[in-house]
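> Heads up: the sequence shown begins at 1 in UniProt numbering, then just goes up one per residue.
None of these hints come from the bench; they were simulated from the model.
Take the hints with a grain of salt, since some may be wrong.
To be verified - Simulated pairs of lysine to aspartate or glutamate, DMTMM-like, Cα-Cα distance not exceeding 20 Å: (1) Lys154 x Asp173; (2) Lys154 x Glu217; (3) Lys57 x Glu19; (4) Lys154 x Glu123; (5) Lys57 x Glu39.
Said to hold, decoys possible - FRET-style restraints, in silico, Cβ to Cβ: (6) Leu528 x Ser62: 25 to 31 Å; (7) Gln345 x Gly31: 39 to 45 Å; (8) Ala536 x Pro422: 19 to 25 Å; (9) Arg520 x Ala126: 27 to 33 Å; (10) Arg402 x Arg11: 43 to 49 Å.
Positions of the beta carbon are idealized from the N, C-alpha and C atoms, including for glycine.
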Amino acid sequence: MTPVLELRDLRVTYAGGHEAVRGVDLTLRSGQTLGLAGESGCGKSSLAMSVLRLLPKDATVSGEILLDGADTRTMSWGRLRAVRWASASIVFQGAMHALNPVRRIGQQIAEPILLHATSPPDEVDARVAELLAQVELPPEKAQAYPHELSGGQKQRVMIAMALACRPRLVIADEPTTALDVIVQAQVLRLLTRLVSEHGIGLVMISHDLSVLGSVCERLAVMYEGEIVELGTAPTVVHDPQHAHTQALAAAFPTVGDPASRYAPATTNPAGLPPRVVPEAGEPLLRTESLRVDFRDRGGGWTHAVRDVNLEVGRGEIVALVGQSGSGKTTLARTVLGLQQPTSGQVLFEGRPLPRGGRALRDYRRQAQLVLQDPSSALNPRHSVYEAIAEGLRIHRMPGDERALVAAALEAAELRPAQRFMPVLPHQLSGGQRQRVVIAGALALRPRLLVADEPVASLDASVRGEILALLLRLRAELGLAALVITHDLGLAWNIADRVAVMYRGELVEVGDVEQVLLEPRHEYTRSLLAALPEVAAPA
């Protein structure tokens, strides 16, 4: 049988001579699943986009890309247009950016069907309803706009669009990035079922080996444009041979593995600090019966935070975990004074949070926010120096400004500081940008960091470096941290205690070992059950 996809000595070179893909050979048959793992810049997406000639004009492609035996490199534009969607389709990473915000979901799913005339016009609505059912969405969602759907629902819509013309090949580029663990498990189950039922070939791209291994039969690991390891999923995940594969496997620890407790994967010469036991006594931050309600469009009330009692001690790292919509970010905004509570109070060092004026500004200097996406947190036109100096000027910090910026960069391990000061954000890697965001917080000498998904958008190895940095800052500066995450592995890596949030309530709070190894609440057990697992090789 002819493979659905065959790559022979594939090479992709960009203007300036950068060779993104170097001599890759891969084969995929109908009904097979192949995971493509690697970090940003390794060539994964260049390889995937080359299949349907979606690369920019400055890219030169050589070798053979055989889709059902026909080379897409030599196809006419008319033939290529017919092949896209109908023979092969792509599920893009950012569903919100890939969907048109001003068109209804049903119209967007129908578009490829109408363009390729794969169904008669009078049957298009029925086909759309069928596709929504396949991705486990109710038919009424066809009338919704993208902003009315959750992240997981938007990703399901992208999968429905990819299946619209019944292709034989689907390429899924990071389909679960930034999704919470429950929704991620649902999307992975959906992809597995669709491959089984429809016999499509699936190429799935991710930097998370455990996610790929839970769906794909075979894994290919890319590094600097080359396939450095290829084998069955259990073998690659549990017995990696190449150093880069070993680093990817170590970056996402198994909850319960004692070797990764307080030990995120890092190659930093500074290493990991000894474990710091927080001092007992009056907590640094405390919420008492905190409640936050919002009016919804129907005139009713949404109870985003319900009677939450949470403590963060001096020098303590607390992980606030839960799926999207559980109220984690609303709680964080209230703790920072960005959202007024409906009832209850927030106490910092035993004193109620100020409501406004200079007192609130002084508090915000001591409690700093680290956002999830460093690219959106930094002004693209401001240098690193300006990004960090801005907070110093707003809070009128005493001392020499340049010396304070340099000290913050050094504390965030951007050394030498002078080298990074004039650099613009786009000239930095993802990990360096996140360190700049952390440096901006450290410049104000805070006592508490509130980190909202601080590593969700970062590569596997960079993830470990940032988590190790948080541990070192706690050890060296006595910083406390409230880390908001849906990643239970992160909590196991660095947290002292875990607070599990569900529908606005804290359903379980306790030491990491107690909550994650002996969960008492059904919701905590469901979070742990949703973690992707790869069976050991036979």
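> Each hint should be assessed against the structure and marked as holding or not.
Quick rundown of the hints versus the structure:
With a C-alpha separation of about 14 Å, the suggested pairing of Lys154 with Asp173 holds against the 20 Å cut-off. Annotation: proposed proximity of Lys154 to Glu217 is violated, straight-line Cα distance about 26 Å (limit 20 Å). Of the pairs offered as hints, the one joining Lys57 and Glu19 holds, with about 15 Å between alpha carbons and a cut-off of 20 Å not exceeded. Taken as a hint, the Lys154 and Glu123 pair is broken in the structure, with Cα atoms around 24 Å apart against an allowance of 20 Å.
Restraint check for Lys57 and Glu39: not satisfied, since their Cα atoms lie roughly 24 Å apart, outside the 20 Å limit. Taking the beta carbon of each, Leu528 and Ser62 are about 47 Å apart, not inside 25 to 31 Å as hinted. Between Gln345 and Gly31 the C-beta distance comes to about 58 Å, which lies outside the given range of 39 to 45 Å. Restraint check, Ala536 to Pro422: a C-beta distance of roughly 50 Å breaks the suggested window 19 to 25 Å.
Evaluation of the 27 to 33 Å hint for Arg520 and Ala126 yields a failure: the beta carbon distance comes to about 47 Å. For Arg402 paired with Arg11, a C-beta distance near 47 Å keeps the hint of 43 to 49 Å intact.
Checked against the numbered hints listed earlier, the structure breaks hints 2, 4, 5, 6, 7, 8, 9; every other hint is satisfied.
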